[in-house]
Amino acid sequence: MKKLGLSILFAAICISRSWAGDEPPTIESNKALIDLVQSHADYVWTLVAAALVFFMQAGFAMVETGFTRAKNAINIMMKNLMDFSLGSLVYWAIGFGLMFGATSTGWFGTSGFFLSDFEVGGDPWVLAFWMFQVVFCATAATIVSGAMAERTKFSGYLIYSAVVSAIIYPIFGSWAWGSLFKGEGWLEGLGFIDFAGSTVVHSVGGWAALAGAVVLGPRMGKYTKDGRIKPILGHNMPLAALGVFILWLGWFGFNPGSTTAANKDIAMIFVNTNLAAAAGTFLAMITSWAKFGKPEVGMSLNGALAGLVAITAGCANVTPQSAIIIGAAAGIIVVLAVLFFDKIKVDDPVGAISVHGVCGAWGTLAAGIFNIGGTSAKIIGVQLLGISACFLWVFPVAFLVFKLIDKTIGLRVSPEEEMEGLDLAEHGGNAYPDFEVSSYGGIGSAGGPGSPSAAGDPIGQFKPAQQT
Amino acid sequence: MKKLGLSILFAAICISRSWAGDEPPTIESNKALIDLVQSHADYVWTLVAAALVFFMQAGFAMVETGFTRAKNAINIMMKNLMDFSLGSLVYWAIGFGLMFGATSTGWFGTSGFFLSDFEVGGDPWVLAFWMFQVVFCATAATIVSGAMAERTKFSGYLIYSAVVSAIIYPIFGSWAWGSLFKGEGWLEGLGFIDFAGSTVVHSVGGWAALAGAVVLGPRMGKYTKDGRIKPILGHNMPLAALGVFILWLGWFGFNPGSTTAANKDIAMIFVNTNLAAAAGTFLAMITSWAKFGKPEVGMSLNGALAGLVAITAGCANVTPQSAIIIGAAAGIIVVLAVLFFDKIKVDDPVGAISVHGVCGAWGTLAAGIFNIGGTSAKIIGVQLLGISACFLWVFPVAFLVFKLIDKTIGLRVSPEEEMEGLDLAEHGGNAYPDFEVSSYGGIGSAGGPGSPSAAGDPIGQFKPAQQT
Amino acid sequence: MKKLGLSILFAAICISRSWAGDEPPTIESNKALIDLVQSHADYVWTLVAAALVFFMQAGFAMVETGFTRAKNAINIMMKNLMDFSLGSLVYWAIGFGLMFGATSTGWFGTSGFFLSDFEVGGDPWVLAFWMFQVVFCATAATIVSGAMAERTKFSGYLIYSAVVSAIIYPIFGSWAWGSLFKGEGWLEGLGFIDFAGSTVVHSVGGWAALAGAVVLGPRMGKYTKDGRIKPILGHNMPLAALGVFILWLGWFGFNPGSTTAANKDIAMIFVNTNLAAAAGTFLAMITSWAKFGKPEVGMSLNGALAGLVAITAGCANVTPQSAIIIGAAAGIIVVLAVLFFDKIKVDDPVGAISVHGVCGAWGTLAAGIFNIGGTSAKIIGVQLLGISACFLWVFPVAFLVFKLIDKTIGLRVSPEEEMEGLDLAEHGGNAYPDFEVSSYGGIGSAGGPGSPSAAGDPIGQFKPAQQT
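Residue numbers (this note's numbering), protein chains in the order written: chain A, 1257 to 1724; chain B, 1257 to 1724; chain C, 1257 to 1724.
Keep in mind that a hint or two might mislead.
Just so you know, same-sequence chains aren't split out, so a pair can sit in one copy or run between any two.
[Said to hold, decoys possible] Heads up, simulated SDA-like pairs for lysine to any residue below, C-alpha to C-alpha not over 25 Å straight-line: (1) LYS1520 with THR1282; (2) LYS1486 with PRO1474; (3) LYS1547 with ILE1415; (4) LYS1486 with GLN1577; (5) LYS1547 with GLU1676; (6) LYS1547 with TYR1479; (7) LYS1601 with ARG1668; (8) LYS1663 with GLU1673; (9) LYS1486 with PRO1576; (10) LYS1547 with LEU1414; (11) LYS1478 with GLU1692; (12) LYS1520 with ALA1349; (13) LYS1520 with PRO1380; (14) LYS1481 with MET1675; (15) LYS1634 with ALA1358; (16) LYS1599 with THR1664; (17) LYS1520 with ASP1291; (18) LYS1478 with SER1360.
Hint data in this document are derived by calculation from the structure and do not stem from the laboratory.
Please build the complete structure, drawing on both the sequences and the hints.
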């Protein structure tokens, strides 16, 4: 199938339908071919970046499970798997069209649903662009799950995850980034700066997470009647750290990939992304050391994410020095924000609201303050408007959605199920049946290896209900 | 060494031996340079994709160990490490020549062994192409190990792994994809559609896995005399889920990288790959919910892989809508296939035969049915011929190889070793000596930290035999 | 924001300030545009490679924690996180200027600190290049931590990590690779071959690790008074294996990315990197089998790293056959070296000195021996000079730094803290509070889920001191 030598170059050339391989080259045909080769590089870069952003799903899954208890590990894997799977399908059907479809109002798009116009014979760039955007959508969706971990009903999760991916995220996205085709979003029209989504992706996820955590209420035992806060420790710090490293890697697709073009701008974006993350990590570690007397791992890991979230808006329009300042501030802010939300009894098991909501807002403001081309009251005003618009759109709508789910099929598991763990209650298995796990009722409480079972899934973790 | 400015462009230019930097450019020299720049992009894309596919080895390792017991975790790491290491060496020596060497018969290649013709002064594209192909070969080899987990002798594993990489996989590959140099495979000549290897890679691995599972027989205690099926639970669901995320990522190299060219085709391949995986995950989850009453994690994870395997053949020649249908069907099929193989007492600890063998066949058929350019009885016929040829080549030959190993050095460990776990029996250590593991004989049964030892490996897990 | 169609090509074109989109193309303008497109590919490749090398931090973290005890897992995550974070900041401030700044002496650079000259309006290539180099610097720094695991004070670690990244690594680097701007290093001037850093990165890390291990002394209980060597087993082999797979992946950025240009040379570098790793893995496995009677996992994993380290110097100037020989030898050498260092009572928990120091030296020598353009006594002499210069610079300086830290703030934790584990002593938490861990004092000894706490970090693992 694949012959050597000329065939390689030929393949590249033949892709260009505007240039016939047998005719002698002209200045104009060369120019068209150069444009084609550049566009090939744009495809490769945008799609490689999309692959890196996709991998962030694994990072979120590892962070979230690492920061929570062993008895809920399967549930967290299922949620991460499903927000991406279901999210991909609804973003294909609805979300992408709402976000990037042609718009005359600037408030939402009205074309491009089901990728229907572009499939056969259409511009393949739409497909590349969709691929890059679907992984962004999934990022916003998965942020929410962290704040709602360890107590949310799986069926309720599926519904709100679909709503976030189909409507809440795309609508705000269309204000700031739409459209791919015709028209522009009203925030974009005002000059709102959010290059890669501190607000569009992270604050959207963060404020939806806040709504979810408020509607759900705290996990059992987290806040005692006499006003004390009990720490509920995460069960696997190496996995959480691996998750953060994966997220940091993925952000090298998230931020520089947002150029959706292979050009020199990506260099500064890489450097800014890395320096902000480094400063965020270091400062969060120092802040935790000052606050608690010891350098704490959970805060340090969240510091990395805080720096990354904060630089996302301004990564293409601030200097590396500014990136360090933005990231360092985020590293301090995230520690204070986590303590604040705990003080007001908003139980966010992984710190998602602080990392994505608060630091997303900070980063968006900072993109205006440290703008490489200069700042102004107007720029700051637009940034504040965008930040506020995001909160005012996302929080109430998400709150309503969560309330609706709560009143109908239910948003929270029963106290018994929460005690038992969502893995067994919701998914019929345990994540670690070979190990002695304190939150289980003994080794292999869900039926260790070799326990008898008349039926059921021969592979996964499933144990028929009567066995457990 | 690396100077700024012009040196970068200069380096690129000087690589072109056909263009002298000091002469004024002409239309023709520009044209040659454009071709060169395009070919550079092809190298970068193909090799980045190869790196992503390589990473699938980590994914398979995590999935396989997650789905099996803690007492066999070292063994699974060793097998995954060795099928890639030994596989790379034998594919370099033998496999690549058999698969992509020049062929006059269309049944196997006869040149290119040891990369001998191409090394110095040869076309470097052969090396890039080899790199992309060796990671495919290793994928086929590692699939087999999953179905044979928890009971296979390590020395026997090394032998059959080498045979798969050197002979079984390359021979079939030459029929469908050969050659790189001169001539073409007989299946390719008939118009067989398998763009990235649903059959060539996945079914080959799956049918060899079936042969292995049949020759080995089930794990002890899996099927009781009174006809019941006992679930043997996997020991680490977060690792299994991480493995699936890694595999999904790697598939963004596997499928679009199979263009081996940086062009616009990769956009649709990315989208199709993602949508099929999403649909497979979601439908397998729904199917498990319907079958077992709860959404099950092992099935959902295998659903993702089923969707990915199924879209591999047709990723470049079906529409995104078709990709969703293909993936969704695979998500249902994989659940039914897993139950079927368990019913007929073929013990496949991770579901490899169902995922790779069955869904590989489905995907290959589907590539004919949903072919973007239209389908026909002839197309379907060729697809069915390719699917059948794969089974008829792989299953009997692999069966014979396994039988030969079984009769000579032995393919299966003793019952005592199987009980004790392959980690201790075959590799002299335990994967988790700090933890209480139910399948061990107590904490640190292999000698926890601090147990005395007169000699042996000071780093790894090795414990001298007399200590254990 | 992002419109379809022409806008993509337009963006690419407009980046070129030397070419005005509205004028008709000329041969010269086409030539300038071709150069621009090639340079875009160079940016993409170099930065994608940098992302892969960044991910090696996760690999090192997983290998190091897998090979050590559960009670020190948080500490190892914190060290890996901080050597990259703090290292990025000091390399930005000091290291990069010392390594790649303009040099008149050939002994160190004197410009480029704080990236100050290049930020606004400067050449963005400096930023791309910095990004690629900072991840190399972090690799050297993190190697050290492995050899000093399980007993080093965290504050002392932060200091020496900063010194390695700011001074020790950059100074040697400037001899072999400097400068980016003006002048060249004295070793480079002699023709020293170290394409991607067997000596510059790995031996630097390895010899600093040796100094650290010597100054620290062995872990408690490792060597008994009657001369026996006690194995101290690592706590998680799947994580260690995952780490090695991640490192192998990262090396596909490390070695071919060192071209810092998208060209055909990367093909052979990929192939050589892979074959050397494969041979190293296989031979280390065989060697461990011969030595211990069983194929051992720790040695096999280190064999992969040994092969990778060894091919790093010569990856661009040896044939694939030679790469196999170089890697195979490294696989044998690393097993013997690990046993040697243990015999002389240098306690290196992960084998970092053997893998990076010894195999780095071997690989650098081998790059001279197997040089594709022929070898000579002069070439070998220069290679030996470089190897020696590295040891003579790094070991004494690192030794002095460690001694200084030891005499001031202290380099080693107290025996009580070492017994208890660094996680609790230094970071106030445990990595696995849900599990029964033998090196803890019972389940959740640091306060399992639900234990009361009046204050402290609500997310991470932190437990106030009075609670533990």
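Okay, the hints, checked on the actual structure:
no., hint, result
1, LYS1520 with THR1282, "between (28 Å within a copy, 23 Å between copies)"
2, LYS1486 with PRO1474, "within (11 Å within a copy, 38 Å between copies)"
3, LYS1547 with ILE1415, "between (39 Å within a copy, 21 Å between copies)"
4, LYS1486 with GLN1577, "neither (39 Å within a copy, 49 Å between copies)"
5, LYS1547 with GLU1676, "between (34 Å within a copy, 23 Å between copies)"
6, LYS1547 with TYR1479, "within (21 Å within a copy, 39 Å between copies)"
7, LYS1601 with ARG1668, "within (17 Å within a copy, 40 Å between copies)"
8, LYS1663 with GLU1673, "within (19 Å within a copy, 52 Å between copies)"
9, LYS1486 with PRO1576, "neither (40 Å within a copy, 49 Å between copies)"
10, LYS1547 with LEU1414, "between (38 Å within a copy, 19 Å between copies)"
11, LYS1478 with GLU1692, "both (23 Å within a copy, 23 Å between copies)"
12, LYS1520 with ALA1349, "between (34 Å within a copy, 23 Å between copies)"
13, LYS1520 with PRO1380, "both (24 Å within a copy, 7 Å between copies)"
14, LYS1481 with MET1675, "within (18 Å within a copy, 37 Å between copies)"
15, LYS1634 with ALA1358, "neither (28 Å within a copy, 42 Å between copies)"
16, LYS1599 with THR1664, "neither (30 Å within a copy, 39 Å between copies)"
17, LYS1520 with ASP1291, "both (16 Å within a copy, 13 Å between copies)"
18, LYS1478 with SER1360, "neither (48 Å within a copy, 63 Å between copies)"
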